[in-house]
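Please take these sequences and the hints and turn them into a complete structure.
Heads up: the sequence lines are chains A and B, in that order. With the numbering used here applied, the first sequence corresponds to residues 22 to 381, in that order. With the numbering used here applied, the second sequence corresponds to residues 1430 to 1921, in that order.
Watch out, some of these pointers could steer you wrong.
[Claimed, not checked] As a list, the in silico DSS-like pairs of lysine-lysine whose alpha-carbon atoms are at most 27 Å apart:
{"#": "1", "chain 1": "A", "residue 1": "K370", "chain 2": "B", "residue 2": "K1868"}
{"#": "2", "chain 1": "B", "residue 1": "K1444", "chain 2": "B", "residue 2": "K1494"}
{"#": "3", "chain 1": "A", "residue 1": "K370", "chain 2": "B", "residue 2": "K1444"}
{"#": "4", "chain 1": "B", "residue 1": "K1883", "chain 2": "B", "residue 2": "K1868"}
{"#": "5", "chain 1": "A", "residue 1": "K375", "chain 2": "B", "residue 2": "K1572"}
[Stated by the list, open to error] Away from chain B, derived, C-beta distances all over 10 Å, residues of chain A:
{"#": "6", "residue": "A41"}
{"#": "7", "residue": "M48"}
{"#": "8", "residue": "F59"}
{"#": "9", "residue": "V77"}
{"#": "10", "residue": "D97"}
{"#": "11", "residue": "S122"}
{"#": "12", "residue": "T162"}
{"#": "13", "residue": "F182"}
{"#": "14", "residue": "F186"}
{"#": "15", "residue": "T206"}
{"#": "16", "residue": "T315"}
{"#": "17", "residue": "A351"}
{"#": "18", "residue": "P362"}
{"#": "19", "residue": "G371"}
Derived from the structure by calculation, the hints contain no laboratory data. Note that the Cβ used here is the ideal one computed from N, Cα and C, for glycine as well.
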Amino acid sequence: MSAVRLARSLLTRANSPVQAIMARVMMALVPATCFGLFLFGWPALYLFSTTVLSAVLFEAVCLKLAGKSASLFLWDGSALLTGWLLALSLPPWAPWWIGVSGAALAIIVGKQVYGGIGQNLFNPAMVARVALLVSFPLEMTTWVKPTPMFSEHAPGLLEAFGITFVGAGAIDGVASATLIGFAKTELSQGKTLGEALVSGQFGSLSAWLGWTSGSLGETSALLVAGGGIWLIRQRVITWHIPVSLLGTVAFLATVFHLFDSEHYLSPLWHLASGGVMLAAFFIATDYVTSPSSTQGQLIFGAGCGLIIFAIRTWGGFPEGVGFAVLLMNALTPVIDYYVRPRIYGRDYKGRPLKLPDGKQ
Amino acid sequence: MLPLDIHSLWRGRGKIRGGVHPESHKEATADQPIVTAFPLPNRLYLPLQQHLGQPAEPVVRVGDKVLKGQLLAASQGPISAPVHASTSGTIAEITEYPAPHPSGLPTPTLVLEPDGEDRWMESAGIDDPFSLTPEDICARVDKAGIVGMGGAAFPSAMKLNLGWKTRIRMLIINGGECEPYLTCDDRLMRERALEIIEGVRIMLHGLQCPTALIAIEDNKPEAYAAMAEAARKHGRIEVVLVPSLYPMGWEKNLVTHLTGREIPAGGRPTDVGVLLHNVATAYAVQQAIRYGRPLISRVVTVSGEAVERPRNVEAPLGTLLSELLAFCGHRSERTARYVMGGPMMGDQLPHVLVPVVKRTSGILALTPEELHAADTRPCIRCGRCVSACPVGLLPLEMMTRIRAGQFDAAVGFGLRDCINCSSCSYVCPSRIPLVQYFKYASGELAARREAQQKTEQTNRLAEEKQRRLERVKQEAAQRRAQAQSSAQGTTP
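This is how it looks when you write it as structure tokens:
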């Protein structure tokens, strides 16, 4: 309980409500992050710190160049959060320069060139993730098995330093595939999912708990979802985007799985794997890049879900979360323009309501 | 036709949107009785315009001795209200004096020097108000200078008139008092429930309307109990609790919540057969009809943390707000802002050397801590303003358009439907003063319209002049031609 109390005192002392919002989002990420850092050991911690620190550093440089007040903007926590979200979506043993260049892409290209906080069209973390994936496909899809700290295969402090900063690469026998990547490869080789999953090392429960290979902070669907539900209860985000996004993915997956379970993953697999949970609660719900009306948010979430499912099932990339979010970000201004709440005393087209007896 | 006349069906509750739950701060004054023994000030300042519409015209001269309740300025034009003497005394000046308005600009004002006797003029009360005709009631309310005391200050007689001429099926008495800090209506309902109920009955009679609903927010259980008890014997009046939610007291919200009907844009509650009045107005009507007393005093909430003894004071109209504050122990060095009315929709005042007027529901002296002042940051599009807006607008989109100078685009997003309730500003985590943008843009648009009308008028006048000149020229030419032809006719 003391952690909760400490958190509460931190939140109430935040000198701006914006800061308090960012702080809450970060607190919601803490369980999944700690789990990821523990699961993937020292290299993950190195990569995480490098990414977050460089994000804050790039923000500071940009603010300086733009002549903006660092005290007002740097401490709002937005750059920290962007770096954090990006780090969670990276392969845990990726080299340091992935983190640094990702942070540069996110902060400079994704955010500051638009004019800083509130002005960007695309989610900065996803801009970086997709740019990295397209530019460095090898580094961005090299996954490792869970190697919890202090376990047999876990690299020590120095060894880990080599992996992250010198490019020593993953140790043999640790490299692995993610479930959706694996399913895609197996299907392309003509196997059915039944055979593939039996032969593979994937268990449904471990995917929900997160004891599987994957991005640094995306493996544990339960911890991510738990943080997200806490955010909804804290009224930092509303339920509309997460529910419509996850609902759409689950609905499509169920329909296709029932239709042909040998070629389409079950909805449980879809929801448990990859970045879909993180996207539903933490990425797609980014205020700046999602619609502001609730109806618009429902459309936005459903669109993300549809694209995620389509890319995962039929696309060339194993994971479609980044692309889905960016595509829907691009549609946000259009959604905001056309989908507005009904104004009191008017119909949806803005005409005054008619009185029941026909008088205007 | 909807089942308008079937009372029970019509009363389906409607869903209202948005709204916020600001800290109420009402506890500072809610439990203390209204102070009626406020010492008469040395001078009373009575602006000629305390209402919506045309200012009143003075009917007294400097030096005249007047009695309490005597007419000082008569109403002018169709929408106006008279001004009466708040006490007996001498008219010291008719001059320009700062009005309680954010601009603090002076307006024509009568200055009354009390003689300390507080002597009433002979007044014509009515023992049985229900023997009067509706026209009579309207005329008496008009003569008493009663205006909407919730803040709009629209002449009440106009509304009553509108009422019995169209057909009003329900009178709603607004006892919501959803603004933080204010408790003047709460106290009035607790202490003078019988008078208010009688006022409501008189209004019903004046409107020839079958039923009245008195809506009280559920954070005022004592007021509800007092009013329900007072209304018990009168089957046509029902007292109902409504949820505490700002802005529940917005008349359209109240109508929708209580009747399930939405008032079309640009319309009035009367369009759906409903009329609204404030509880304090009902009280003033009762005083005017029963005792022949015009509106010369009102209950004012004096509160805020820079006030040592916050309370409700029944003050004569024209009392300076500074004197009210001093009476309640004002610490000016702690005051960061003065607000007349509630903190959400009230007027920020540059200083408090301005008088209590008919719409003054409260004067707040707020400390810096109460204002939660913080730097404005860029909009992060969190959408809190969208979910808080009771009208269903997109405040953030309107704000960005106004910042870019695109006022017409802001109108496209519903700027004209904005009710300036401040809910958006209240919830904004970036502390953007959204409602100020909207007020500014509305003002700017009004100024542009006026300028355009002037240009059009000038053009029209110029064209007319052109036409007139041509006509004159043609007529002259014709006359010349005629003169020539007649001259030619005579020559041969």
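Evaluation of the provided hints:
| no. | hint | verdict |
| --- | --- | --- |
| 1 | A/K370 - B/K1868 | holds (24 Å) |
| 2 | B/K1444 - B/K1494 | violated (55 Å) |
| 3 | A/K370 - B/K1444 | holds (20 Å) |
| 4 | B/K1883 - B/K1868 | holds (23 Å) |
| 5 | A/K375 - B/K1572 | violated (37 Å) |
| 6 | A41 | violated (8 Å) |
| 7 | M48 | holds (16 Å) |
| 8 | F59 | holds (32 Å) |
| 9 | V77 | holds (18 Å) |
| 10 | D97 | violated (7 Å) |
| 11 | S122 | holds (26 Å) |
| 12 | T162 | holds (33 Å) |
| 13 | F182 | holds (37 Å) |
| 14 | F186 | holds (35 Å) |
| 15 | T206 | holds (40 Å) |
| 16 | T315 | violated (7 Å) |
| 17 | A351 | holds (15 Å) |
| 18 | P362 | violated (4 Å) |
| 19 | G371 | violated (8 Å) |
Checked against the numbered hints given earlier, this structure breaks hints 2, 5, 6, 10, 16, 18, 19; the rest are met.
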